[in-house]
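Enquirer: Below are the chains, spelled out letter by letter.
There are 2 protein chains.
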Amino acid sequence: YGAQQLAANDPMWGYFTAIAGQDGEIDAEELQRCLTQSGFTGGYSPFSLDTCRIMIAMLDRDFTGKMGFNEFKELFTALNGWKQNFMMFDQDRSGSIEHNEMTQAVNAMGYRISPQAVNAIIKRYNKGGRIFFDDYVACCVKLRALSDNFKRRDTMQQGSVTFPYDDFIMCTMAI
Amino acid sequence: YGAQQLAANDPMWGYFTAIAGQDGEIDAEELQRCLTQSGFTGGYSPFSLDTCRIMIAMLDRDFTGKMGFNEFKELFTALNGWKQNFMMFDQDRSGSIEHNEMTQAVNAMGYRISPQAVNAIIKRYNKGGRIFFDDYVACCVKLRALSDNFKRRDTMQQGSVTFPYDDFIMCTMAI
Ligand SMILES: [Ca+2]
Ligand SMILES: [Ca+2]
Ligand SMILES: [Ca+2]
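Here the protein sequences come in this chain order: G and A. Here our numbering is used: the first residue of the first sequence is 1, the next is one more, and so on. Here our numbering is used: the first residue of the second sequence is 1, the next is one more, and so on.
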């Protein structure tokens with residue numbers, strides 16, 4: 001009762017159960033199929049399986065490699081935000097985000113990182129100087145997950161965190 | 001003279017220059033083509049462009065997004081090691097690395113990480129419980145690069161490092 005009842009009244013519940021199949025959870029292949037078929041990426045290329053895997057990893061707090069209903073809704077909210085953000089900062093309508101546009105997008109998302117860090121990010125995610133939607137989302141997912149992991153440990157909000165090696169590897173390799 | 005002369009005598013120099021083309025450096029597309037055409041992946045699937053990009057990112061200390069000759073040779077040495085390692089730890093000859101095999105492989109590479117961290121890594125890189133060669137290499141590259149970044153900062157070898165937020169983002173997002 002309770003949570004289950006509420007979920008059943010949610011307009012996205014039927015959609016979720018259709019995608020999730022028998023096990024009631026969504027894995028990377030199912031997510032990729034759903035985002036492609038729903039036309040979410042529109043004129044942009046469909047998401048790679050790898051991007052779908054890191055989307056799930058971002059939200060997968062119980063480490064099952066799959067998404068339940070609440071995680072699925074959380075992901076859709078985030079995805080819609082990133083899509084709007086992508087279209088808004090693609091100011092020259094090139095269909096991709098270039099260097100200046102990326103600096104603005106990162107700032108607009110509220111991340112306070114140095115130009116050097118923005119450069120490192122662009123180097124990693126660009127193809128011929130352009131960041132396409134799929135890579136942009138992969139980048140946003142990682143940036144959010146890493147920042148969340150950092151903040152969760154920065155309990156005194158000092159802007160720095162001491163990581164034991166094992167914890168560092170676990171929270172960076174999982175994404 | 002000097003370095004250039006030595007390079008010209010190296011049997012891999014001709015191969016490198018043929019791949020690198022006019023700019024004298026190898027980017028992700030060139031690396032992917034070269035690893036596919038050379039038959040390096042053999043019976044395994046070819047490397048994805050994303051894996052090629054993180055291979056370059058690992059060695060790209062000057063952040064150009066490309067590889068020079070010495071970095072190229074360093075990568076080949078690492079790749080040969082990982083390939084041998086992959087074949088050796090695929091004990092049931094399934095063509096992929098499963099959970100137990102991964103634990104052994106990570107230990108054999110000399111990483112001291114907890115079973116929990118190994119689980120997190122497997123969750124991220126498996127497809128249906130199996131880790132394929134392409135993902136295995138992506139995983140090894142990341143593990144090596146993150147461990148290198150960590151060790152470089154752990155000058156007193158205390159096993160823990162204090163990261164300011166910006167440095168944390170830069171050294172984890174670049175890979
Ligand atoms: Ca643009
Ligand atoms: Ca080149
Ligand atoms: Ca195996």
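Hints in this document: simulated from the structure, not taken from any laboratory. Hints are supplied without guarantee of correctness; some may be wrong.
Since copy identity is lost for identical chains, a pair holds within one copy or between any two.
Straight-line C-alpha distance at most 27 Å; calculated BS3-like pairs for lysine-lysine [stated by the list, open to error]:
hint, residue 1, residue 2
1, 123, 73
2, 123, 151
3, 151, 127
4, 66, 123
5, 127, 73
6, 151, 66
7, 127, 66
As the structure is a prediction and not an experimental result, all values here were calculated from the model.
Enquirer: Checking each numbered hint in turn, tell me which of them this model violates, lowest number first.
Expert: The structure breaks only hint 3.
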